[in-house]
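Asks: Residue numbers (the working numbering), protein chains in the order written: chain P, 1 to 65; chain D, 66 to 230.
Derived from the structure by calculation, the hints contain no laboratory data. Be aware that one or more of the hints could be misleading.
What the hints assert, rightly or not - Here are the in silico distance ranges between beta carbons for each label pair:
id, chain 1, residue 1, chain 2, residue 2, range
1, P, Q27, D, K67, 22 to 30 Å
2, P, E45, D, E170, 14 to 22 Å
3, D, T114, P, P34, 30 to 38 Å
4, D, R131, P, I10, 54 to 62 Å
5, P, I10, D, R199, 15 to 23 Å
6, P, R25, D, V230, 23 to 31 Å
All C-beta atoms, glycine included, are put in the ideal place defined by N, C-alpha and C.
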Amino acid sequence: MAKMDRMIQIPEQIARLFEAKEARRHQLAALPYPEKVKAVVRLQEMAAPVFRRRGRVVHVWKIAK
Amino acid sequence: MKQTLQVLNQLEAEGVLGRYAIGGAMGATFFVEPLLTYDLDIFVLLPETASGLLSLEPLYTALRQRGYVEEAEFIHIEGVPVQFLPAYNALLEEALEQAVDVPYEEVTTRVLRAEHLFAICLQTGRSKDRDRVRLLADEAPLDHDYLQAILKKHHLLEQWQKWTV
Numbered sequence: 001m002a003k004m005d006r007m008i009q010i011p012e013q014i015a016r017l018f019e020a021k022e023a024r025r026h027q028l029a030a031l032p033y034p035e036k037v038k039a040v041v042r043l044q045e046m047a048a049p050v051f052r053r054r055g056r057v058v059h060v061w062k063i064a065k
Numbered sequence: 066m067k068q069t070l071q072v073l074n075q076l077e078a079e080g081v082l083g084r085y086a087i088g089g090a091m092g093a094t095f096f097v098e099p100l101l102t103y104d105l106d107i108f109v110l111l112p113e114t115a116s117g118l119l120s121l122e123p124l125y126t127a128l129r130q131r132g133y134v135e136e137a138e139f140i141h142i143e144g145v146p147v148q149f150l151p152a153y154n155a156l157l158e159e160a161l162e163q164a165v166d167v168p169y170e171e172v173t174t175r176v177l178r179a180e181h182l183f184a185i186c187l188q189t190g191r192s193k194d195r196d197r198v199r200l201l202a203d204e205a206p207l208d209h210d211y212l213q214a215i216l217k218k219h220h221l222l223e224q225w226q227k228w229t230v
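Could you build the full structure based on these sequences and the hints that come with them?
Replies: Okay, structure coming up:
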């Protein structure tokens, strides 16, 4: 079977959702660096319990907010 | 983070470091969406010691004297685990020489150029480097002529072609 035949047509609503996610990523990429650093620390806070349950030692940065 | 960068700037001004720049995930984060990482990778050109060898020990000694504590491969500087990576090849030396000054709040710091981060990921070649290359290609304002020149100079064009198949 040709590869194209196996491709699934993405519904328009889902395609719009993907486009919105892509746009959000580009908005995040355009943030000032100090704002991105704050976002990284928020990601660290969210992910730390998962890493710690797996036995990995991680330190959330203690930076002035 | 501002205080961490101030310490790095002091070390550079005192000659403990030859030149430094942010690389790794936090370097990439300068150009793309925020990336989860728990360490700050700092690439450094080290001053040569009397023996002619390059060593991180004088840097670690200076940091210990300031009261900063080591843990595994990191040293905690003002609340941030920092990993120092000496420039160990021509690509990293060039990346450091051409790193750009950027403001961070009231401090000036230095970040590797996106094109060099891209090339370093290609050279390092781990799966997370592959992800980072994809993000840099999608989101960073790359100068494609400059990137091409770097990849050619450091023999990375073949690797790039492999990753784009």
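Asks: Give a verdict on every hint.
Replies: Consistency of the hints with the structure:
no. : hint                            : in the structure
1   : Q27(P) with K67(D): 22 to 30 Å  : 24 Å, holds
2   : E45(P) with E170(D): 14 to 22 Å : 21 Å, holds
3   : T114(D) with P34(P): 30 to 38 Å : 36 Å, holds
4   : R131(D) with I10(P): 54 to 62 Å : 55 Å, holds
5   : I10(P) with R199(D): 15 to 23 Å : 20 Å, holds
6   : R25(P) with V230(D): 23 to 31 Å : 25 Å, holds
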